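Chemist: Taking our numbering, I'd label the letters of the sequence shown as residues 28 to 177.
Since the hints were made in silico from the structure, they are not lab data. Since this is a predicted model, take the numbers as computed values, not measurements. Yeah, the Cβ is synthetic: ideal placement off N, Cα and C, and Gly gets one too. Treat the hints with care, since some could be wrong.
Just the calculated beta-carbon pair ranges, DEER-fashion [what the hints assert, rightly or not]:
hint, residue 1, residue 2, range
1, H80, D118, 22 to 28 Å
2, F63, A91, 18 to 24 Å
3, H80, D138, 18 to 24 Å
4, D120, A91, 32 to 38 Å
5, P147, A87, 33 to 39 Å
6, A64, S111, 33 to 39 Å
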Amino acid sequence: MRIALFEPEIAGNVGAVLRLCACMGAAVDLIEPMGFAWDDRRVRRTAMDYIDHVSITRHAGFDAFRQTIGSRRLVLFTTKATQSAYDFTFDTDDILLLGKESAGVPPAVHDAGDARVRIPLRPEVRSFNLATTAALALGEALRQTGTLPG
């Protein structure tokens, strides 16, 4: 299982996702450009020494990312989806794609997803924080596939 972050903008969110993936045994794909310098100490501060326990791959852009994933299914988490992630059937080799904090993903990336799902939330609020969405998404995908650690 992998988490892909499309053009993430906030170093602290990326650090939290790196820590999450280190704990859960998932790899991380970072699709550039990012909204901060990769050597930003805030990433390491949030991820702490967990950053040494996660596989991270950086991609020059979405096209470069697509060229590396082969036939793996790309599951986009988006507030625009109608299907709940809790009614979706995940596979162990899925890539869970999350958009940038301020704008999600552009239409071409949205259309490139093999599936689009959402985390249900109350209608009077817009969305979860990126790291919170990643945790809910990865937890459900690992639970369904019987691959939760420990």
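Chemist: Holds or violated: the 22 to 28 Å window for the beta-carbon distance between H80 and D118?
Modeler: Roughly 24 Å apart at Cβ, these two residues keep to the hinted range, so it holds.
Chemist: Regarding A64 and S111, is the given constraint of 33 to 39 Å on their beta-carbon distance met?
Modeler: holds (36 Å)
Chemist: Given a hint of 18 to 24 Å, does the C-beta separation of F63 and A91 actually sit inside it?
Modeler: For F63 and A91 the Cβ distance comes to about 19 Å; the hint holds.
Chemist: Could you check the hint for me, namely that D120 and A91 are 32 to 38 Å apart, CB to CB?
Modeler: Because 20 Å falls outside the window, the suggested range is violated.
Chemist: Just to be sure I understand the hint, the distance between the Cβ atoms of P147 and A87 should be within 33 to 39 Å; is that true here?
Modeler: Holds - the Cβ-Cβ distance for P147 and A87, about 34 Å, lies within 33 to 39 Å.
Chemist: Cβ-Cβ distance between H80 and D138: within 18 to 24 Å?
Modeler: For H80 and D138 the Cβ distance comes to about 34 Å; the hint is violated.
When the structure is compared with the earlier hints, violations turn up for hints 3 and 4 and for no others.
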